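Protein chains: 2
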Amino acid sequence: MEAKRMSRKQEDMALLLGNQICFAAYSTAHAFNRVYKPLLDTLGLTYPQYLVMLVLWERDGLAVNEVGELLHLDSGTLTPLFKRLEAARLVTRTRNPEDERQVRIRLTAAGRELREKAKNVPPGILRACNRSVDELMKLKDQFVALRDQLNAALG
Amino acid sequence: MEAKRMSRKQEDMALLLGNQICFAAYSTAHAFNRVYKPLLDTLGLTYPQYLVMLVLWERDGLAVNEVGELLHLDSGTLTPLFKRLEAARLVTRTRNPEDERQVRIRLTAAGRELREKAKNVPPGILRACNRSVDELMKLKDQFVALRDQLNAALG
DNA sequence: CTCGATTACATTGCATGCAATTATATTGTA
DNA sequence: TACAATATAATTGCATGCAATGTAATCGAG
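These protein sequence lines map, in sequence, to chains A and B. The numbers in the numbering used here rise by one with no breaks, and the one at position 118 of the first sequence is 118. The numbers in the numbering used here rise by one with no breaks, and the one at position 7 of the second sequence is 7.
Derived from the structure by calculation, the hints contain no laboratory data. These numbers come from a predicted model, not from an experiment. One or more of the hints may lead you astray.
A pair counts as met if it fits within one copy or between any two copies, since identical chains are not told apart.
[Unchecked claim] Derived EDC-like pairs (lysine to aspartate or glutamate); straight-line CA-CA distance at most 20 Å: (1) K37 to D148; (2) K37 to D74; (3) K83 to D141; (4) K37 to E66; (5) K119 to D148; (6) K138 to D41; (7) K117 to D99; (8) K138 to E113; (9) K138 to D148; (10) K83 to E66; (11) K83 to E69; (12) K119 to E69; (13) K117 to E98; (14) K117 to D41; (15) K138 to E86; (16) K37 to D60; (17) K119 to E66; (18) K138 to D99; (19) K117 to D148; (20) K140 to D41.
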């Protein structure tokens, strides 16, 4: 099983691509962040905080590491983030009596109510993307497949 | 011109998508970062520092704002980054005599030499992606088109 | 049951990103 | 030429991300 021979120019292009594909992902993520910013400002949330709230709105009372697995984030990021959400009175942090190592994150009433305000966010994002739902769905699936492949390559 | 009516379930899915497309980009960018990390560690560079070096290897002597435009980064990010590259003796920072507001970034000999070592990086990335060059090229173009659309939606 | 391994979270240190502000230099205009 | 507007970096403050380390709780092999 031998790969087809590439010309020197094709090889150079392939090498450039190795850099470009990552920069494309990197700069797209930042562009999304800029679009989200004004929308999330009205909620008083940063984008990672918004992600955490999305998780909690679906499944309240998760432990820190459970949220971390869903979002690919560790305690070094999440502990201070949850402390800020706690200071904002959106969540409470309590040790799990069943397992004192775990800290359960629970929404406060204010945290639950914020969900209503947050309903404006996705339509704003979809509008900014200026693409059909079908197109975006396909694009998202390609992102996710690539991401999972990259994570698999680490293991 | 009226959009087709969507069922409630379809609407919910569309709203979820607004969140999912961004998270897909966000988590893909982080996955890339994790793949790059061990490769860049051998160069003593972080990913943003590597991006800056890629730019300088192509066009030495750019001003801070010119690099910033190419990478979508501002002086708040780049000034400390360049100072660290300067401390690592990879670049020099000198005011442009023609326009004292600008700071020109120039590679040192060591900075230019690092380019050889850096040739190993893109193949490692391409391997981790586990996709044909053609596939990756298309994916990259889709990323870029979405990113440009998002940036346009801000203006 | 016991003690080493593992797990979960917290902490520290470092490097982004970005908003907001400041300082300095240049440009444009009356 | 004066001087307001603009442009370029630098600085400050805040919030990630992540590696490395610390601490306490739990698990598991013998």
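Q) Which hints from the list above does the structure break, by number from lowest to highest? A) Of the numbered hints, 3, 4, 5, 6, 7, 8, 12, 13, 15, 16, 17, 18, 19, 20 do not hold.
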